[in-house]
Amino acid sequence: MITAAVNWFMGERNFDPAWSFGPNGQRFEVEVRGDPGCVLTLSGLHAHDPGEGGRRNPSIAATALNCVNAIPYVVAAEPGVRTYLDLPLPAGRAARHLHRSRGTEVSG
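The opening residue of the sequence shown carries number 3 in this note's numbering; numbering runs sequentially from there.
Be aware that one or more of the hints could be misleading.
[Said to hold, decoys possible] FRET-style restraints, in silico, Cβ to Cβ:
1. Gly53 to Ile73: 21 to 27 Å
2. Asn16 to Ala49: 17 to 23 Å
3. Asn68 to His48: 20 to 26 Å
4. Gly82 to Ala49: 34 to 40 Å
5. Val32 to Gly55: 16 to 22 Å
6. Asn26 to Gly55: 16 to 22 Å
7. Ala20 to Ser61: 28 to 34 Å
Hint data in this document are derived by calculation from the structure and do not stem from the laboratory.
Just so you know, even glycine gets a beta-carbon here, dropped at the ideal spot from N, CA and C.
Between the sequences and the hints, there should be enough to build the whole structure, so can you do that?
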């Protein structure tokens, strides 16, 4: 059996007292309970600021795209609990500055 627990720390401005990562700092921890058991700690994977994190790992933004693109469908839905089976498939839309004019290439 596998049990997964995830705690995302998104800032401390609304916590009183403020939370801390403790002496080990930001990290991912994996604990295997068994005989023998083990604990794996991965450190140094987090950027110091969000901008740097986006440059190092652009897939971070891709992770949120389905949620962001679902917003219009969720807003338009009738009140109540809905699942992905009740809503249209979210469709991504490119930012306007990424659109190409006929015969014109978009530069990075």
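Against the structure, the hints:
no. : hint                       : verdict
1   : Gly53 to Ile73: 21 to 27 Å : holds (24 Å)
2   : Asn16 to Ala49: 17 to 23 Å : holds (22 Å)
3   : Asn68 to His48: 20 to 26 Å : holds (23 Å)
4   : Gly82 to Ala49: 34 to 40 Å : holds (39 Å)
5   : Val32 to Gly55: 16 to 22 Å : holds (21 Å)
6   : Asn26 to Gly55: 16 to 22 Å : holds (19 Å)
7   : Ala20 to Ser61: 28 to 34 Å : holds (29 Å)
When the structure is compared with the earlier hints, no violation turns up for any of them.
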